[in-house]
Structure formats: structure tokens, C-alpha cells
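Since the structure of chain B is provided, determine the placement of chain W on it from the hints.
Sequence lines, in order, name chains B and W.
Using numbering that gives the first Met the number 0, read the first sequence as starting at 0 and increasing by one per residue.
Using numbering that gives the first Met the number 0, read the second sequence as starting at 0 and increasing by one per residue.
Hint data in this document are derived by calculation from the structure and do not stem from the laboratory.
These numbers come from a predicted model, not from an experiment.
Beta carbons: idealized from backbone N, C-alpha and C, even for Gly.
Hints are not guaranteed to be accurate.
Claimed, not checked - Covered, in the sense of this in silico footprint (three residues per stretch, anywhere, with C-beta under 8 Å from a C-beta of chain B), are these stretches of chain W: (1) 105-113; (2) 120-127.
Claimed, not checked - Simulated DEER-style distance windows between Cβ atoms: (3) B:M64 to W:R87: 20 to 30 Å; (4) B:P30 to W:A45: 32 to 42 Å; (5) W:M109 to B:L139: 48 to 58 Å; (6) B:F45 to W:V181: 32 to 42 Å; (7) W:M109 to B:I84: 24 to 34 Å; (8) B:F45 to W:M0: 21 to 31 Å; (9) B:D36 to W:M0: 23 to 33 Å; (10) B:L69 to W:E145: 34 to 44 Å; (11) W:C18 to B:D36: 48 to 58 Å; (12) B:L138 to W:T30: 34 to 44 Å; (13) B:M64 to W:I16: 56 to 66 Å; (14) B:G170 to W:T30: 58 to 68 Å.
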Amino acid sequence: MIAKDDQKRDDAHTSSAYRAPGDIERHTVPPDGRPLDEQPRWRQDFPIDWPQDEYVSRRDLVKFMVLTSLAFATGQLWILAKTLIRRQETFPMLPVARVDDVAVGGHLVFQYPAESGPRLLVRTGGAEFVAYDQQCTHLLCPVVPHVDEGMLHCPCHNGYFDLESGRVIAGPPRRPLPRVTLEIRDGVVYATGMEDQAT
Amino acid sequence: MPVPDQLEFFIDPGRCIGCQACVQACTECDTHKGQSMIQLDYVDRAHSTQTVPVVCMHCDSPTCAEVCPADAIKRTEDGVVQTARKPRCIACNNCVLACPFGIPKMNTDMHLMMKCDMCYDRTSVGLKPWCASVCPSQALAFGTREEMERLRPNAKPVNTFQFGAQTIHTKVSMMVPRDDAVDWVDVTAAMHEPTMGHEMLDDVFSENLFDDGDAA
Chain B
0 MIAKDDQKRD DAHTSSAYRA PGDIERHTVP PDGRPLDEQP RWRQDFPIDW
50 PQDEYVSRRD LVKFMVLTSL AFATGQLWIL AKTLIRRQET FPMLPVARVD
100 DVAVGGHLVF QYPAESGPRL LVRTGGAEFV AYDQQCTHLL CPVVPHVDEG
150 MLHCPCHNGY FDLESGRVIA GPPRRPLPRV TLEIRDGVVY ATGMEDQAT
Chain W
0 MPVPDQLEFF IDPGRCIGCQ ACVQACTECD THKGQSMIQL DYVDRAHSTQ
50 TVPVVCMHCD SPTCAEVCPA DAIKRTEDGV VQTARKPRCI ACNNCVLACP
100 FGIPKMNTDM HLMMKCDMCY DRTSVGLKPW CASVCPSQAL AFGTREEMER
150 LRPNAKPVNT FQFGAQTIHT KVSMMVPRDD AVDWVDVTAA MHEPTMGHEM
200 LDDVFSENLF DDGDAA
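One chain only, chain B, in its complex shape (with noise of 0.2 Å):
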């Protein structure tokens, strides 16, 4: 056992053991000795010398740059995409309701599109409706109209906005409420698309 050792030692040993200062390897020897090109590869990922290891931070952080703006822009070509999509969306033309179905200062919850959110009807005068998304953009509580003070309530955190415009007047929402067109025809109330309004 132990002449085989001393076997593996002398193997190991090289004729001179001392190595002068200019021979030590500049880079770590791996502890099998064989060449970087035959070593695991999270040899290269994690080296033991330190310049290579300030290299791999080095092109980490250069990566980490080059991907997070990447991905920056990416969001910032969809969000653009996305709102080139929805301006040429178009909506269908619902009837809602028959002008006599609500009366003054009366209102009415409506899908629209079909199968999607609810809206609000208001009838605010003798043939003038108006109709917003039923939604507060706050925390989506639904609005209620409040026709004589020309106002829409949510009661959840006290927003106001314009029956008129669907614009913020107080609370915490900040974006309006997005409307939706109208048109009367014969009679019969129309939804005939929605719009996202600009704060």
C-alpha cells in the first residue's frame, strides 16, 4: 500500500521540484492538471484567478446591461404596438336601449362590447345620453352617476368625475373614465365604439 503510494508521488514528481518564481503557472492549475479546454465548464464561469474572475464580472454586468435595456425597449415596442392595435379596433353598433326605457336623470348598466365589461348609460337631458366604462380607473369599483350634481361617485374611495367629459374632478383616480360614442337612431340608443381618453 504504501510502496504503491510512493509509486504515485514519484509519478507525480518532476525531476527538479523547485519551480523559480518566473515557471509558477499564471493561472491556477486545477487540481487534476489538465489543460482549461479539458475542465468543466464552470471552471470558466467561476476562476480562481482574479483577473479572469474581474473578466467574468466584467462581461456579466456588460450582458446584464445590454439585455435589461433590450428588454426595456421590447416593453416599449409593444406598448407601442399594442396602442397602434386598439386605435384600428373596431367596434361593433349595439342598440342598448330605446330612448323611453330610461328617464331623465335615469341610468342603465350595459355590456359593451358583448361579453365584455360592464358600462354606464346616463341619460342626462331630454335626448342627451352619455356612457362611460362602469369601472373607476382606481381600483375598478363601480361609479355611480349623481345626474343633478353633473357628477360620477365612487363610493369606494371618493373619486368624482365630470358627467359631462368622464375627467377626474377628486379622488384618487387619475386617469378619466374611457367613454363610450353613442348614437340615437330611430329611436334606439347606440353604442358605436369606446374611447380611451387622455388625462
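Just chain W, lined up with the frame of chain B:
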């Protein structure tokens, strides 16, 4: 700036007088103030006052770095193995247990492994490490190889060590008798011998280690 190629570190245990000057000088270093990275070991305290200063040998395949799970121990291009990098070290103690020479020291308060870095702030600008600059008998010497050959006619440097089946080449050299055929030092050689002055066998590789109970 790397440590100049021609300057080398030599340890000559035969010259050590056990004065502790290196240990004290090491605590004065600004990079680890108050804590010495050198230990002064007694070879056989019961029979001899002989001491050996133990500093990092700076292996070309550092076992401490090989076992580091946090990628914290790095070797600079001049072959100096540095203290663990503070942002990475997780104070797991692997390096302390793995080092064949017992060099790394765990600073539990700082959660950081600290080791002898050959006074990198000094040697990288061509100065001697603190320990070598104060050693009165030059058991720790820092200089050129030619200088060593001229000043120590009876000694030669050896920087190959054997730790079990592991062969270790180091940047720091150990001085051995020049006439000796020896060209490598077995770090574990003493483990196979019963320690002088002790009844207990220290050979942890011995299969009979736990069978000695029969005598008692």
C-alpha cells in the same frame, strides 16, 4: 501591481528562535490590524523549544479556493492567494478545514475568512512582508534566489509538498539541507509516527486508532 518576479519568500524553520516578532509584526498590518495571520507552532513542545513560523504557502492550485462554495478566494496573477472577498465570503469554514497547511483563519465576528496574503500591500510595491522585515534570524526571508544561495550555503529551497495523494506546488519555498536528496516535503509524514511525549496516537488514518481500548 504584481509582486516582482525575482522576489521570493523563504521559510527556514531551522533558523526560527521562537521570538514571536513575526506574530507581533503581523498584527501591525493595516489590512488586518490587531489580528495575526501567522502562527508559531512548536514542533515537539515536551522535548524541544524548536518552533516553526507558519505562513501561507500560496499554492498554484489552492485547495482553499477549490473548496470555496461562494467563489470568494482568488489568486492574483503573481500567484498570491488573497483573503476571501468580503462581499462573497459566507464564513462556511470549508477553506479552514481543507487547507493542507492550516492557514486560513475564520473571523467569526466579521463573518470573513482572513489569511496571510504575503502583505500584498507591501510586497506588490517591492517591500518585504512585515514578518520577514522583523525576523531577527531571517527564518522568514524575502529576497532573490541568488541572494539566498549566497547567504545560505547549506540550504536549498523546496516548494513541492505532498499531502496524502495530493501534490502541492507553492510560491513560497521551504529551506531544506542542501546535501539532502530530498526534493519534496511530506506534510503528513509526522501523522504516521506516534507523537513523542504523548501516549496517544495522533494518526487519524490508522485503522487501529479505535481498537487500542483492549489494553485498558
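Okay, the hints, checked on the actual structure:
1. 105-113: violated (count 0)
2. 120-127: Violated - the stretch 120-127 of chain W has 0 residues with a Cβ nearer than 8 Å to chain B, which falls short of three.
3. B:M64 to W:R87: 20 to 30 Å: holds, 21 Å
4. B:P30 to W:A45: 32 to 42 Å: holds, 37 Å
5. W:M109 to B:L139: 48 to 58 Å: For W:M109 and B:L139 the Cβ distance comes to about 52 Å; the hint holds.
6. B:F45 to W:V181: 32 to 42 Å: At 36 Å between Cβs, range holds.
7. W:M109 to B:I84: 24 to 34 Å: At 57 Å between Cβs, range violated.
8. B:F45 to W:M0: 21 to 31 Å: holds, 25 Å
9. B:D36 to W:M0: 23 to 33 Å: Cβ of B:D36 to Cβ of W:M0: about 30 Å, so the range 23 to 33 Å holds.
10. B:L69 to W:E145: 34 to 44 Å: violated, 57 Å
11. W:C18 to B:D36: 48 to 58 Å: Between W:C18 and B:D36, where Cβ atoms are some 49 Å apart, the hint holds.
12. B:L138 to W:T30: 34 to 44 Å: Given about 56 Å between the Cβ atoms, the range is violated.
13. B:M64 to W:I16: 56 to 66 Å: Distance hint for B:M64, W:I16 holds at roughly 57 Å.
14. B:G170 to W:T30: 58 to 68 Å: Cβ of B:G170 to Cβ of W:T30: about 60 Å, so the range 58 to 68 Å holds.
Violation of the numbered hints given earlier is confined to hints 1, 2, 7, 10, 12; the remaining hints are satisfied by the structure.
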